[in-house]
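K.L.:
One letter stands for each residue in the lines below.
Number of protein chains: 2
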Amino acid sequence: MRVKIALLEKGIEVQYKEEKDVFEDKNKSELLLNSNPIHKKVPVLIHNGKTICESLIILEYIDEVWKQEQQLFSADPYCRANARFWIDFFDKKITSCAKKLWASKGEEQGAAKEEFLEFLKVLENELGEKPYFGGDHFALLDIALIPITCRFYTYEKLCKFSVEEECPKLMEWVRRCNMRDSVSKTLPDPLKVFDFVLEVKKRYQIE
Amino acid sequence: MRVKIALLEKGIEVQYKEEKDVFEDKNKSELLLNSNPIHKKVPVLIHNGKTICESLIILEYIDEVWKQEQQLFSADPYCRANARFWIDFFDKKITSCAKKLWASKGEEQGAAKEEFLEFLKVLENELGEKPYFGGDHFALLDIALIPITCRFYTYEKLCKFSVEEECPKLMEWVRRCNMRDSVSKTLPDPLKVFDFVLEVKKRYQIE
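Protein chains in written order, with UniProt numbering: chain P, 1 to 207; chain S, 1 to 207.
Among the hints, a few may not be true.
Identical copies carry no separate label here, and so any pair may be met within one copy or between two of them.
[Unchecked claim] Each computed DSSO-like pair below joins lysine-lysine, with the alpha-carbon atoms no more than 30 angstroms apart:
(1) K202 with K105
(2) K50 with K130
(3) K10 with K202
(4) K169 with K50
(5) K113 with K17
(6) K10 with K40
(7) K169 with K41
(8) K92 with K121
(9) K160 with K28
Note that these hints are calculated values from the structure, not bench results.
Chain P with its partners taken away, still in its complex shape (with noise of 0.2 angstroms):
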């Protein structure tokens, strides 16, 4: 989702193959296993041969090659660090939390509800008063954030809890982000992306 979503934002047209099965190895495409042999996940880009693996690195290549077009990343190191700060503050601490909310049960989803909202209140804080991640424009940090948003559903039926009366800062940013074409073309459904879930929990039993 981040790379379709950056590639929207940046008018580039690719030719988009998706993936079948994303769990079990032996269902993946042979494009997929040769482009990416050392992790086999999506996503990855192919361009002039040569294959970028890792959705954040796919971003900052997308946005060094097509320098023209608008650019995801503020042209000030602070401003960069900053956004790789809270991207791999995103993936280190949040993204192994998330997947508890739904794959996990009792006492071990309780806390990983309470780790979670204690880390959108630090998303929260650091967007502030600000419309976007990086200040006025939609870019980087808010690209790497935003699809989980479409899973809150998910999270706030399984877990039960609210993040709009949580951390009602974040749901305007979320809704400010779904009024671009970018955005609400690429993140599906959360209506859909529940029942998914639910399928997938079945599939692992994971009641």
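Model the placement of chain S on the given structure of chain P, informed by the hints.
P.N.:
Chain S only, in chain P's frame:
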């Protein structure tokens, strides 16, 4: 160590403050806790009153601010993406595996040893016949990878293997890097690292 090497390569002078205890939050300095409240971890670079955290982010910041000096990062977007990919691989996969080499025992340690050697071979394969990871010049990826090599002696002693035997070309690269002042002045003596790890094992009762 990454940051120290980068600063030495760039010829940037800093006022260096060592943390006496990086394990227990209660023993960490006020300066560290205030500068990096999210992770409470070293390294932190304070420049023009602003704090930059996380070693890789600091390296990118240094390279972007001190542009006149020897560039750590290639100017080519694909080479940059490739360096980022391998640093990410190292940080995600090798760091946690390496910890198990000294912090676990029995079967877990044995499995970590197999995995660690596999990872080193992946890196050796990426190095290929080049003198440095980025090609002819000591650069970002070398800086990111070289610090762990001062712990090879410890891992070899604890887990009974020889990096020289398993990955001779990687060891040639280690010796090549150690001929640089920036590296030899930064990396501690492997024998002292071994003594330190033995003390940590005692402290946390890992026998």
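K.L.:
None of the hints should be skipped; say for each whether it holds.
P.N.:
Structure-based check of all given hints:
Proximity of K202 to K105 under the C-alpha cut-off of 30 angstroms is restricted to the intra-copy arrangement: shortest distance 14 angstroms within a copy versus 36 angstroms between copies. Taking the closest pair of Cα atoms, K50 and K130 come within 30 angstroms of each other only across two copies (19 angstroms); inside a single copy the shortest separation is 37 angstroms, beyond that limit. Proximity of K10 to K202 under the C-alpha cut-off of 30 angstroms is found in neither arrangement, the shortest distances being 38 angstroms within a copy and 55 angstroms between copies. In this assembly of identical chains, K169 and K50 lie within 30 angstroms of each other by CA distance solely across copies; the values are 26 angstroms between and 41 angstroms within a copy.
Neither within a single protomer nor between protomers do K113 and K17 lie at most 30 angstroms apart by alpha-carbon distance, with minima of 34 angstroms and 37 angstroms respectively. Proximity of K10 and K40 under a CA criterion of 30 angstroms is satisfied intra-copy only: 27 angstroms inside one chain copy versus 36 angstroms between copies. With identical chains, the CA atoms of K169 and K41 are at most 30 angstroms apart between copies only, with a shortest distance of 29 angstroms across copies and 33 angstroms within one. Within a single copy, K92 and K121 get their C-alpha atoms as close as 16 angstroms, and across copies as close as 26 angstroms, so both meet the 30 angstroms cut-off.
Taking the shortest alpha-carbon separations for K160 and K28, neither the intra-copy value of 34 angstroms nor the inter-copy value of 37 angstroms comes in at or below 30 angstroms.
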